[in-house]
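Engineer: Reassemble the complex: the two chains are provided individually, in unrelated frames, and hints are given to aid placement.
For the protein sequence lines, the chains are B and X, in the order given. Start counting the first sequence at 1; every next residue gets the next number (this note's numbering). Start counting the second sequence at 1; every next residue gets the next number (this note's numbering).
Each statement offered as a hint is correct.
Simulated crosslink set (DSBU-like; lysine-lysine; CA at most 35 Å straight-line):
id, chain 1, residue 1, chain 2, residue 2
1, X, K246, B, K123
2, B, K122, X, K246
3, X, K311, B, K119
4, X, K308, B, K79
5, B, K123, X, K311
6, B, K123, X, K308
7, B, K211, B, K237
8, B, K189, B, K131
9, B, K122, X, K311
10, B, K79, X, K311
11, B, K131, X, K246
12, B, K126, B, K64
13, B, K105, X, K308
14, B, K30, B, K18
15, X, K311, B, K126
16, X, K311, B, K201
17, B, K150, X, K308
18, B, K119, X, K246
19, B, K131, X, K311
20, B, K150, X, K246
21, B, K79, B, K189
22, B, K122, X, K308
These are calculated hints, taken from the structure and not from any lab test.
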Amino acid sequence: MATILEAKEVYKYFGGIKAVDGFSMEVENKSITGLIGPNGAGKTTFFNVAAGIYQPDRGDIFFKGEQIGGLRPDQICQKGLTRTFQIARGLGEMTVWENVMLAPKAQTGESPFGAFIFKRVKKEEKENWEKAAALLQEMGLYEQRNEYAKNLSAGQRKMLEITRAIMTDPEILLLDEPTAGATVDETKKIMAEIERLRDEKGLTFLVVEHKMEVIMNICNPIYVMHNGQNLAVGDPKDIQGNKQVREVYLGG
Amino acid sequence: MEFALTIATIVAIYCILGLALNLQFGYTNLPNFGIAGFFAVGAYTSAILTVPHRFLEMEIFAGFPGGVPGRIEAPFIVGILAATALAGFIAFLIGVPVLRLREDYLAVASIGVAEAIHYIALNELWLTIGSAGIRLIPMPFANRILYFLLVLLVLAIVFYVINRLVRSPFGRIWRATREDETVTASLGKSVFRSRMWAWVIGCAFMGTAGSLWAHYAMAIQPGEFVPTTTFLVWIFVIVGGLRNNKGVLIGALLIIGLFEQGTRFLPAFGAPYVVPALRLIIIGVMLIIFIRFRPQGVIPERAMTIEKHIKTI
Ligand SMILES: Nc1ncnc2c1ncn2[C@@H]1O[C@H](COP(=O)(O)OP(=O)(O)O)[C@@H](O)[C@H]1O
Ligand SMILES: [Mg+2]
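Next up, chain X with everything else stripped away, as it sits in the complex (with noise of 0.2 Å):
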């Protein structure tokens, strides 16, 4: 019951990434490659505003044997609020010189900043206390049960929102800008602004979902915040279906709840890399499947009719 509780929280709070990722991706043709950077920030945010003031790490590691000052032990809504409102404004800040150019550069910028923001988890003791990480930040109402309740709401509101949002004439705009920026901007549209908040959206988005993770797993290290968190999300985004946000739920279930999670406390066999081994192997074995077989994932984006539309907008 406790294994499943933990697996279904974080599948919810990887559903969040995904759900950002496809709205950047999938909706606006923004690569995003380093969901890790802005997942760090959000949960790095929430863990400083909130934490106790003084605690044994700051003490030993950073060097401030009274505490360090400025820590302002802020209740969780505040923590979550700022990281998300801190993760769209480090993407708005990217985004500015970066939209304007071709998607592609995007991709190679927001691979360096997720580094930058690796490295200043790992560095800036005074701030992240480095490679020791974080602990003690507070879980709010300390029942899991209840905080897993919080994750679905939150889930469940950003789920909205996106959806919302894509099927409104903005979402029709960033669809547009995906397929052809030059007809999107010769009908009147601002291309720049349509993916400027596609971008600072999925990635506030993203800083949610972090501020979520450090409440819930309590302590955060530098190392959580890798590539291969990016990746995760990228192939279950893929392999649900890119464009459906159902599709991406789905994806989540079956590549982060099945096998990066579910398999985690297989009995192991062989030597002890062997089974970490598989998982990665199978994960990606999926992927080149999906790929070949069934691009579009799961469940493929569907149109709607207009007289459905009209009814239901």
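Okay, chain B solo, but in the shape it has when bound (with noise of 0.2 Å):
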């Protein structure tokens, strides 16, 4: 299987803190490949990293063999890269509609030309909703399509937060704590989701987890990541029984 996501040797330093630390991974297409470690291990700034919204102070990240280190956040997404936030960046000022329909590229209307395009803009406006549509139907949340986004649960956040993701058409998913203030119910609802969307249309994912019974359901195979290191990487039975990732994650 090709490689899709590779990074090479990534530091990035605030001060003295050693945020990632020479972190390398490949991450394969169409899996869904696991990243974990304790807090502060620096996992969710190497997505800032990758996703450009930190220049790395060293190292490389390759998307589909191009290097992408050192790119805007925008260009990156357009090449097809899309990540979510730890913490649901939901726009909270904005319908969930408005939301969803915000994130597909390449739209007509988003140029002050384009947007008297009249006829185009339709057009696409419903196809957008139609896909929008079908996405928020399957995460449950096509009810609340008109509420504001502040309204919503913080699992209903992350929920829309992922539908925009994916709203984006994007090849890779970085997932940062998808689940993380989602209940029993949406947690299982998020993994089924993410599970589809891999069958179903072919996407990679990288997801940052710290629900253990996500990582080793879905995740396959699973990075640990350490002070801003590698630790081990394996499939969920090798980071079971590896005895540095307990000693880790047990304080040990």
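Structural biologist: So, in structure tokens, the structure goes:
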């Protein structure tokens, strides 16, 4: 299988804090790869570097063989890599439908002149909404389509964020704790949705999670990060049986 | 009647300024404290392009006894288009360095630019004739009713264009940028580009308003383009309801029409400065009351349902 995302010895320091300290990983096409590690391990920072929000101090990041380290977030998204945020960042003052309709790429109406090509804008809005409505149904958010995003529950906001990310039509999705704040039912739904999208649409996922049932059930392989560095990598069984990993997690 | 027409024309011109500010600050969170500057760019551009080649002030104050070379006596339509374009272009030049920074810097930069423009109007005699101002600016139709209708037409166009943009996918990016730049960028949208357009389009329309003002007043002076103008616009936009274009029109009617202009012809009492001072105080009190008790303004922003959106986009 081909590698879609590859990080090679990525470094990102904040002053004296070595948030990402020579981390490397490979994400295979159509995999659901897990990234775990104790709090402060550097997972979110690694996502921020991969998505262009931070520039790496050193190291390379290749997406489909192309160097993306140092590009802007919008450029990286345009190439097919979309990320979500650990703390759900729904655009609260916008409705659910506006949130998801914001995302599609290359909309005709996204320029001041394109906005006046009436027929095409209307047609695209209809098509995008069809897609979005189906996804919202899937996520159980369709009833809330006309609500302001700020009125959703924490779990619903997470789901909205994932839906919105999918609407950018990415090849790989980087999900930062997609089930944080979600109820048991919502967590199950999110897990099922991730697997469905991988199976039906051939999407690739890189998932940071704390909930072990999520990680061990759907992720393979799993990377373990500690102090910004690679600690271990393997399938769920390997990781569960790894002594070092246990020590890091149990603080032992 | 004459009096009502005057107020109506002024209110309509202010409405254009308010809609432009609402586009910038309401929808995109770009604080423009230099409204008077872009208004002045429009007024002066239009005046300079259309004014007669020779007139007395130029000969006396600016020292061009034979008239100023290069005055082209262009028609009104050239004046208003050039006013719009130049105001937009100046906004673009400011935007290139400033819009990459945080929004706060724009507040400071826009004040600076307005001051610089005021300074040019005062001091570049060859261009603006300084504090004496430019007179004999031609009014198209030379009929105040027709001119008022023209202003209304321009207002309607500006209203329509801004509303359409705000509702379009482009406007969604503006509103997303206002709330969270990082999220917007992570969804593949260029925050810089979206802000730049809001900034340029808004300032361009302020230039349009300036041109309309110059040809209505037929004479302009640097003293008209001062921060008070800017703050009046801010006040009625906030009172009317940020992010709601209809609210902006109502705010302009209330603040500019009723109080700022409507009270101008009240019988004076007490010392000569009492009435103007009272007007400003009343406007200030209204602003405070609104911010305290109705921060969303007369008409707050309303969300549209997706069903209505698909039907009407
Ligand atoms: N913008 C920042 N400035 C300074 N320190 C940061 C910043 N972002 C993260 N850090 C630090 O980097 C380390 C890694 O944090 P983070 O990437 O959020 O870890 P994780 O997501 O694995 O919990 C932590 O010590 C955190 O305090
Ligand atoms: Mg984190």
